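*Asks:* Listed below, chain by chain, are the residues.
Number of protein chains: 2
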Amino acid sequence: MNAEIVAVGSEMLTPERVDTNSLYLTGELNTLGVEVVGKYVVGDHVNRLADVVRLALSRSSIVILSGGLGPTEDDLTRDAVAAALGRKLIYHAEIAGLLEQRFARLNRKMAEVNKRQAFVIEGAEILANDRGTAPGQWVEESGSVVMLLPGPPHEMKAMFERQCLPRLARLVPKRVIRTLELRVAGMGESDLDQLIAPVYKKYQNPATTILAGAGDIQIHFRAQCDTVAEADALICEVAGPVELLLGDRIYSRNGESIEAVVGKLLLSRQSSLTVAESCTGGLLGERLTSVPGSSEYFLGGFITYSNALKTAVLGVPPEMLAEHGAVSKPVAEAMAAGARRRAGATHALSITGVAGPGGGTEAKPVGTVYIGLADPSGTEVLHRQVLGDRTRIRMFASQLALDFLRRRLSAPPK
Amino acid sequence: MNAEIVAVGSEMLTPERVDTNSLYLTGELNTLGVEVVGKYVVGDHVNRLADVVRLALSRSSIVILSGGLGPTEDDLTRDAVAAALGRKLIYHAEIAGLLEQRFARLNRKMAEVNKRQAFVIEGAEILANDRGTAPGQWVEESGSVVMLLPGPPHEMKAMFERQCLPRLARLVPKRVIRTLELRVAGMGESDLDQLIAPVYKKYQNPATTILAGAGDIQIHFRAQCDTVAEADALICEVAGPVELLLGDRIYSRNGESIEAVVGKLLLSRQSSLTVAESCTGGLLGERLTSVPGSSEYFLGGFITYSNALKTAVLGVPPEMLAEHGAVSKPVAEAMAAGARRRAGATHALSITGVAGPGGGTEAKPVGTVYIGLADPSGTEVLHRQVLGDRTRIRMFASQLALDFLRRRLSAPPK
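Order-wise, the sequence lines are chains W and L. Counting in the numbering used here, the first sequence runs from 562 upward without gaps. Counting in the numbering used here, the second sequence runs from 562 upward without gaps.
It is possible that part of the hints are untrue.
Copies of the same chain look alike in the list, so a pair counts if it works inside one copy or between any two.
[Said to hold, decoys possible] Cut-off 20 Å, straight-line C-alpha distance, at most; resulting in silico cross-link-like pairs (DMTMM-like, lysine to aspartate or glutamate):
hint, residue 1, residue 2
1, Lys825, Asp635
2, Lys763, Asp636
3, Lys676, Asp752
4, Lys890, Glu923
5, Lys718, Glu673
6, Lys735, Glu791
7, Lys718, Asp950
8, Lys762, Asp636
9, Lys825, Glu923
10, Lys676, Glu817
Bear in mind the hints are in silico, worked out from the structure with no lab data behind them. Since the model is a prediction, treat every value here as computed from it, not as a measurement.
Chain W with its partners taken away, still in its complex shape (with noise of 0.2 Å):
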């Protein structure tokens, strides 16, 4: 079974946007064993839509557009579609209805605009959208089916994956994907497509993808097979050596992130985290938090960006300050363990460095990193030199701190 997919709005057809929502959808239809044959960018135009998901439904029996359902008269996908598919608009006041209503809880008065989002395809599914206004349709039309998803990343995936994969697992034929996901920190990627390449490039199936972030590499392998079984021993085949490789470098197996992964050893151990930044600006600790439920353990942190911050909140001697700047070992070492005592915690982590694209020193360029770990048993500090821009440098050290308490929560107690 094939599908298309089609982004809507004239802003992705500038130079500087490029249109990701499909590579979320490609994803799930891939797991489901459908395979993208087609995917398109179109302006807000009806004749151009319409004309676009009228070649589409001539190939492909599933056809999924996002964007061009908000309220204003830019958007356009409904018309379209209805179009395409000769079919009539039709208004229904009891979408109307909840808008306003979701407009009333918030004190507001709704535009008259937002009724455009009342009109549905006739024949259609409405799809409810409870992250935005904009609620999304399902039409089918001799076996084929379109689906009209909102923009907003998070309001399109949230919408998929609640009101469209238990639908489309109606209509598409069962064939068992099997994924796998490894997780691994602290690498370069060409040292670890050199290390484990000898073992995967050998299968087709199952696949494997590597994608690369900043200190942060994921491995994907997928196999398709008739039974859930045959899927799993052939992943196995190819992931145990992988495994093997790695070591300890891999943080996770099931796609979660190190930061849950820090956060669960952390909750396991009763242990609880602090932390001080000085380059990251505050980074550690919004990645911490991003993990719901982290109140459980982290307790909070302090962004020492200033030097005069370093001394008056944790401590930090002036006379180490100023003799071995602010980046350096004895700081970092003394951020971790001024902010330990500051918060109580049992564990704190500092960064220090130097993020660019301005400060560097021929003793000390952008890119050099110090990261400390204060715990019960003492403190130490880790110094790396990073490669990048400002925002690689920044994730990248704060992937390092995040990794180095991973290992140390990982370690059997001394």
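Based on the hints, put chain L in the right spot on chain W.
*Replies:* Chain L in isolation, oriented as in the chain W frame:
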């Protein structure tokens, strides 16, 4: 004049890959005054590709394909375009000769499959590829042009720049394109559209595009004319009234982020900033320090996630936390005032809220946010109810805080 861009290759239809060649091509075409009205990604499949080329040619006079010009059986762009135009492919012995020489220079023997690359569409001009083996093709047909370019970005860019741009300059009437970008904080997309649509809807030129993020909206105006003066006048005709309608909700006119705008305002007033974050967990600090040079005005901050830290570090009275709860006006006020005192900054922002998914109550549902702002004149608190998931609520809260400070700093001194 309109263009459409086709990326060819099944690997571009996986969940991990996006087509980026089209971004470069869009930028170059826009500079010539050519608008891109459709983009496609098609796998290695002759009929599907030919369909897309026919559709694109039926409505745009410039069609650019990248990829699928290599020597393997997967490389079908030549065949598909020939089929779409109803022309033959003709073997050019002199191209095969050049390819053989190229291999000989590398001391390699050319594989037989490489001869596929010597087939040229009847009537096409050959575009030399000085960075790879695949020659490009330029095919004109009743006033339209189809370009076949190689897929690797460095080959595609060099060929487009050296071979296609000079040819395009002869086809495309000279046009000037001017743009203006307004950024707006603190408004919903539909409220904003209702306010300004009566102005911008009257104009096709400039084209107006609205992009909405969490509490952040970008409005792009784009005018095409014969001269810079005309284009600028057209933009002002629309942007002038829009600016008046939006007033001080506009925070930048040159693409600058709100973090950068706030930073400049702080610098110009020789002021300094600290933050006290609860539900955002460091995000506000992270955003402020994403701006290079932010250490000039940002001193640092306090991630007071636990109540104990709110008391110990910021001096929020335990009785206040017990009586009003951590998510409350008095606590936001005490956090801002405490952070300002503690860091010795002229200004302090605080954020406390319920980011969810858990922790909501009837009185304080998920999305309840209080923002505190302390400065030499005292402390003020903003209360807002934000819709969305944890990520959006946190982003929206940080945006509200930055905008609260921006307005305070922009206001004439009392």
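*Asks:* The structure should be examined with respect to each hint, and the outcome stated for every one.
*Replies:* Okay, the hints, checked on the actual structure:
Proximity of Lys825 to Asp635 under the C-alpha cut-off of 20 Å is found in neither arrangement, the shortest distances being 46 Å within a copy and 35 Å between copies. Taking the shortest alpha-carbon separations for Lys763 and Asp636, only the inter-copy value of 16 Å comes in at or below 20 Å, while the best intra-copy value is 46 Å. Taking the shortest alpha-carbon separations for Lys676 and Asp752, only the inter-copy value of 13 Å comes in at or below 20 Å, while the best intra-copy value is 55 Å. For the identical chains of this complex, Lys890 and Glu923 are intra-copy neighbours only, at 17 Å inside a copy versus 49 Å across copies, given an alpha-carbon limit of 20 Å.
Taking the shortest Cα distances, Lys718 and Glu673 never come within 20 Å of each other, neither inside one copy (27 Å) nor across copies (47 Å). Taking the closest pair of Cα atoms, Lys735 and Glu791 come within 20 Å of each other only inside a single copy of the chain (14 Å); across copies the shortest separation is 60 Å, beyond that limit. Within a single copy, Lys718 and Asp950 get their C-alpha atoms only as close as 30 Å, which misses the 20 Å cut-off; across copies the closest is 12 Å, which meets it. Taking the shortest alpha-carbon separations for Lys762 and Asp636, only the inter-copy value of 13 Å comes in at or below 20 Å, while the best intra-copy value is 45 Å.
Within a single copy, Lys825 and Glu923 get their C-alpha atoms no closer than 40 Å, and across copies no closer than 29 Å, so neither meets the 20 Å cut-off. Taking CA atoms no more than 20 Å apart as the test, Lys676 paired with Glu817 passes in neither setting, with 40 Å inside one copy and 34 Å between copies.
In this structure, the earlier hints numbered 1, 5, 9 and 10 are contradicted, and the remaining ones agree with it.
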